[in-house]
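Sequential numbering of the sequence shown, starting at 1, is according to UniProt numbering.
Since the hints were derived computationally from the structure, they do not count as laboratory data. We put the CB at the ideal spot given by N, CA and C, even for glycine. Among the clues, some could well be false.
Simulated DEER-style distance windows between Cβ atoms [unchecked claim]: (1) 52 x 110: 34 to 44 Å; (2) 26 x 101: 16 to 26 Å; (3) 79 x 18: 18 to 28 Å.
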Amino acid sequence: MTPAPVQGALKRYRVMAFVTGSFLLLLTAVTLVKYIGEAAGWHADAFWAFATMVGITHGWIFMVYVLACADLWRRMKWHTGRLLTMVLGGVVPAMSFVMERRVSREIPASVDA
């Protein structure tokens with residue numbers, strides 16, 4: 001059985017991994033549209049403002065994600081490489097979903113062992 005503090009940290013991490021990964025995919029799509037559109041001669045101030053807001057929002061969400069990663073990492077007493085891999089999940093598109101799944105499967109196995 002997983003201890004309550006670890007369960008809480010895992011739940012926060014899972015939520016933030018999903019939110020961060022979703023916003024990163026949105027940011028990637030918006031950035032592609034922005035620069036492809038710019039190369040094609042399309043420029044809409046409203047879209048550029050939207051793209052900027054998505055980027056800023058992802059930045060703030062990423063900071064909360066890093067805190068959630070650090071909290072879970074500290075409670076599990078993992079090596080530093082694991083923390084870096086988890087944090088990279090918020091930078092590499094779709095990696096947060098992969099890491100969330102891997103961590104969610106590993107924690108019950110390592111705590112119960």
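Status of the hints after comparison with the structure:
no.: 1; hint: 52 x 110: 34 to 44 Å; in the structure: holds, 41 Å
no.: 2; hint: 26 x 101: 16 to 26 Å; in the structure: holds, 20 Å
no.: 3; hint: 79 x 18: 18 to 28 Å; in the structure: holds, 25 Å
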